[in-house]
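J.: Build out the structure end to end from the sequences listed, making use of the hints.
Each chain, letter by letter, is given below.
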Amino acid sequence: MISPRTLRNLRSELSRSLLAKLGIAILAVILFTAVFAPLLAPHDPTEQDLDNANIPPLGFTATENQTTSQMVDGEVQIVEEEVVVNTTVAHPLGTDSLGRDVLSRTMFGARTSLLVGLFGTSIAVVLGVTVGITAGYYGGRIDDALMRFADVMLAFPSLVLAIALIGLWGQASLRIPDPLVELGIASSEMPSDIVLPGTVIAVVALVNWVWFARVARGEALSVRDQEYVKAARSMGGSDLHVILRHVLPNSLTPILVLATIQVAAIILLESSLSFLGFSGAQLSWGFDIAQGRDYLSSSWWIATVPGLAIVAAVVGINLIGDWLRDALDPGIEGQGGAP
Amino acid sequence: MTDPLVTVDDLEKYYYENDTLLDRLTGAEREAVRAVDGVSFEVREGETLGVVGESGCGKSTLAETLMRLREPTGGSVTFDGDPVFDLSGTDMNAFRRRAQVMFQDPFSSLDPRMTAGEIITEPLAIHGVGTSGERRERAETLLDEVGLSADQIDRYPHEFSGGQRQRIGFARALAIDPEFIVLDEPVSALDVSVQAQVLNLLADMQAERDLTYLFIAHDLSVVRHISDRVAVMYLGEIVEIGPTEEIFEDPKHPYTKALLESVPRADTDERDRTVETIRGDVPSPRNPPSGCSFRTRCPELIQPPGLDLPQATFRGISEFRTRIENGDIDVDLRWEQVGDPDREDREAFVDSLREEAFDTELPDAEEETVSEAIRALADGDRETAAATLRERYRSPCEAIDPGLPAGEHPSACLLNEQPEDVETAREEWEADYEAPEAGASSR
Ligand code: SF4
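Chains A and B, in that order, are what the protein sequence lines are. All residue numbers for the first sequence refer to this note's numbering, where the first residue is 1 and numbers rise by one. All residue numbers for the second sequence refer to this note's numbering, where the first residue is 340 and numbers rise by one.
Just so you know, these hints were derived from the structure itself, not from any lab. All values reported here derive from a predicted model rather than from experimental measurement. Errors might be hidden in some of the hints.
[Claimed, not checked] Pair ranges (Cβ atoms, derived):
hint: 1; chain 1: A; residue 1: Phe32; chain 2: B; residue 2: Asn432; range: 48 to 58 angstroms
hint: 2; chain 1: A; residue 1: Ser122; chain 2: B; residue 2: Ala433; range: 40 to 50 angstroms
hint: 3; chain 1: B; residue 1: Asn665; chain 2: A; residue 2: Arg16; range: 11 to 21 angstroms
hint: 4; chain 1: A; residue 1: Leu244; chain 2: B; residue 2: Arg369; range: 28 to 38 angstroms
hint: 5; chain 1: A; residue 1: Gly140; chain 2: B; residue 2: Arg662; range: 32 to 42 angstroms
hint: 6; chain 1: B; residue 1: Thr365; chain 2: A; residue 2: Ala155; range: 18 to 28 angstroms
[As the list claims (entries may be wrong)] Stretch by stretch, here's where chain B covers chain A in the computed footprint (C-beta under 8 angstroms, at least three residues):
hint: 7; stretch: 169–183
hint: 8; stretch: 231–237
The beta-carbon is built from N, C-alpha and C at its ideal position, and this holds for glycine as well.
T.: Here's what the structure looks like:
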């Protein structure tokens with residue numbers, strides 16, 4: 001389905017674009033971190049250490065808010081205690097209010113975000129493309145009905161819809177034993193399960209499939225009028241044959257580009273849900289931001305570090321999306337043609 | 340004479356506009372677009388029937404309906420004895436194998452994401468013919484046969500030129516050994532030099548494989564060398580059909596004559612041209628003219644009994660009348676040009692419009708009638724203006740719908756031999772002519 005020419009375009013666009021390389025690098029780092037989190041993380045992300053709570057990142061200064069008042073020359077003076085950290089590298093990005101290592105938490109949080117992003121987008125693509133191509137290819141009443149429904153879905157703010165659905169279904173999640181820990185490659189102190197937040201994945205997919213349906217429908221509408229579709233029908237090709245052999249492959253490029261954008265959107269949505277406490281995830285960037293929110297004035301890093309991770313992931317994925325779009329768009333064969 | 344392989348009988352394909360649910364709820368009138376309006380002909384085994392017409396005349400819709408890529412709104416098509424529109428299941432499959440189409444557009448007729456080999460073997464794959472290895476071999480043979488080379492089998496369409504793509508499209512049509520191929524403007528998009536090569540290929544393969552062709556084109560010159568017979572289409576109808584040589588040497592229908600005139604021919608001297616070429620646009624198939632559909636552009640429009648004007652004069656007046664009837668004359672604008680905002684100087688208006696519409700003198704009686712019509716127009720009364728002209732210049736061509744009689748070379752024109760019922764209708768009309776009822780001939 002991917003022609004050598006497409007690959008060539010991807011490669012040449014990549015060598016031309018610095019941003020594309022950057023995007024791939026960012027995503028590669030995040031992916032690597034997520035997969036090997038138990039090996040890379042310095043601490044168990046869930047281990048609490050109240051004696052070492054609220055330690056700032058290495059080299060930063062933190063102001064303790066525990067103020068003492070003193071009487072100096074008959075006036076009350078408020079003395080703030082300054083704590084300078086960090087002489088050891090035990091917590092390079094500091095700890096949160098319960099003394100958990102922020103770096104480790106962020107590394108493990110990447111797993112949740114990427115799992116939700118990947119599975120959520122995949123389900124949304126399958127659902128949206130099926131509906132969209134059916135609507136676009138058959139047109140008429142089927143199209144009207146499906147697309148009206150899609151419009152209604154779009155009319156709801158996605159976060160509200162997501163929260164409503166979670167309220168309806170509860171927070172189911174699947175625990176998968178982490179092979180790195182099971183096989184003894186990583187320290188057994190690390191969390192032994194990867195949590196797959198099932199409800200969240202289903203919800204983000206349901207909230208986002210409409211976009212794919214709309215794009216796929218538009219593509220199917222234009223592809224179905226191509227003469228090669230007419231030709232396939234005149235040879236006796238069934239609808240299924242025409243859809244699978246012609247409509248789908250020729251609709252894929254914009255869907256792929258949209259998918260990269262939607263991965264980023266879905267990661268953001270997952271974070272919002274976790275931040276609001278709806279996802280039930282305990283190891284997630286959004287959850288950590290929510291935790292750190294109360295300490296923003298004193299311990300800014302608790303929320304900022306996972307926040308930066310989200311930004312990095314979204315930027316990286318969007319850069320890759322731009323790369324795909326630039327590489328594949330002029331590559332829609334048939335425009336230029338050979339002399 | 341060989342047997343017909345394909346018989347088309349009164350085939351009709353209308354599209355309906357304003358036909359959505361909303362339109363029906365609001366009661367908007369549904370409008371029929373008569374793309375194919377009652378077409379009958381047959382394609383004989385082993386022959387090539389050329390179908391020619393300007394774009395929009397319905398020839399492509401005819402091809403697609405005939406192949407049942409669209410459902411007809413009336414009529415029937417018989418393929419080797421089988422009613423095509425009633426086929427289903429294995430019979431339909433058999434039809435889909437025996438009849439193939441080659442499409443016009445070298446760019447959009449080949450899937451850009453498939454290799455030449457995949458494209459050519461697609462019909463075989465659909466019908467489950469052979470193993471994939473056998474199919475590949477077949478594709479290689481076909482590539483050779485259509486003048487490409489077998490080692491191009493893994494190339495993508497964009498790596499080929501327009502002419503080469505059409506060859507691939509033709510190879511695809513040949514792949515499953517059909518008997519009948521509809522060639523839908525197969526060379527229209529190609530350069531003239533390449534056209535000839537592809538046409539030769541089509542002709543060679545036909546001879547080699549005993550193929551029957553329905554060859555659609557918008558240009559008579561293209562079909563001349565490949566067709567045994569030619570059908571000329573205008574506004575969804577066949578206006579003339581006959582053996583190729585007769586069509587070219589002895590065209591009967593004014594439209595065919597005009598088409599031939601517009602084809603530059605080496606053997607015709609400019610001065611020999613007797614027929615003016617056609618002017619004006621093709622009328623919309625939403626609202627075809629009454630009577631003969633060609634009458635709005637016909638150079639030989641028949642004059643009513645008792646009138647004997649020079650043909651150019653009559654035609655000029657008729658065209659002027661069509662403009663009025665269609666509301667193509669902007670009265671407000673004309674008044675502005677006359678420079679009389681109070682609209683009092685009707686004679687200035689008459690002179691101005693008269694000047695613009697006719698570049699020659701008119702006989703006195705006609706001058707009078709035309710001026711009268713224009714005066715009505717100046718008052719903003721388009722109906723009276725049209726009626727004034729209609730009264731005097733009503734042609735039988737707008738009252739009688741000519742038909743296509745039986746025979747080897749019939750034409751749908753009242754100047755030529757017509758079917759019994761049309762002749763009768765015309766006689767009746769002429770008998771009635773002296774006392775025309777008002778509005779009887781509204782367009
Ligand atoms: S019927 Fe009349 S209008 Fe039609 S082609 Fe013949 S002469 Fe022309």
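J.: How does the Cβ-Cβ distance of Thr365 (chain B) and Ala155 (chain A) compare with 18 to 28 angstroms: does it lie in that range?
T.: holds, 25 angstroms
J.: For the stretch 231–237 of chain A, do three or more residues have a beta carbon lying closer than 8 angstroms to a beta carbon of chain B?
T.: holds (count 7)
J.: In this structure, is the beta-carbon distance linking Ser122 (chain A) and Ala433 (chain B) contained in 40 to 50 angstroms?
T.: Since the Cβ atoms of Ser122 (chain A) and Ala433 (chain B) sit about 42 angstroms apart, the hinted range of 40 to 50 angstroms holds.
J.: Do the beta carbons of Asn665 (chain B) and Arg16 (chain A) sit within 11 to 21 angstroms of each other?
T.: 57 angstroms Cβ-Cβ, so the 11 to 21 angstroms window is violated.
J.: Given a hint of 48 to 58 angstroms, does the C-beta separation of Phe32 (chain A) and Asn432 (chain B) actually sit inside it?
T.: Given range 48 to 58 angstroms: holds, Cβ gap about 54 angstroms.
J.: So is the stretch 169–183 of chain A in contact with chain B by the C-beta rule, three or more residues under 8 angstroms, or is the coverage claim wrong?
T.: Coverage by chain B is violated here, the residue count being 0 at a Cβ distance below 8 angstroms.
J.: Does the Cβ pair Gly140 (chain A), Arg662 (chain B) satisfy 32 to 42 angstroms?
T.: holds, 39 angstroms
J.: Is it true that Leu244 (chain A) and Arg369 (chain B) lie within 28 to 38 angstroms of each other by Cβ?
T.: holds, 35 angstroms
Hints 3, 7 from the earlier list are contradicted by this structure; the remaining hints agree with it.
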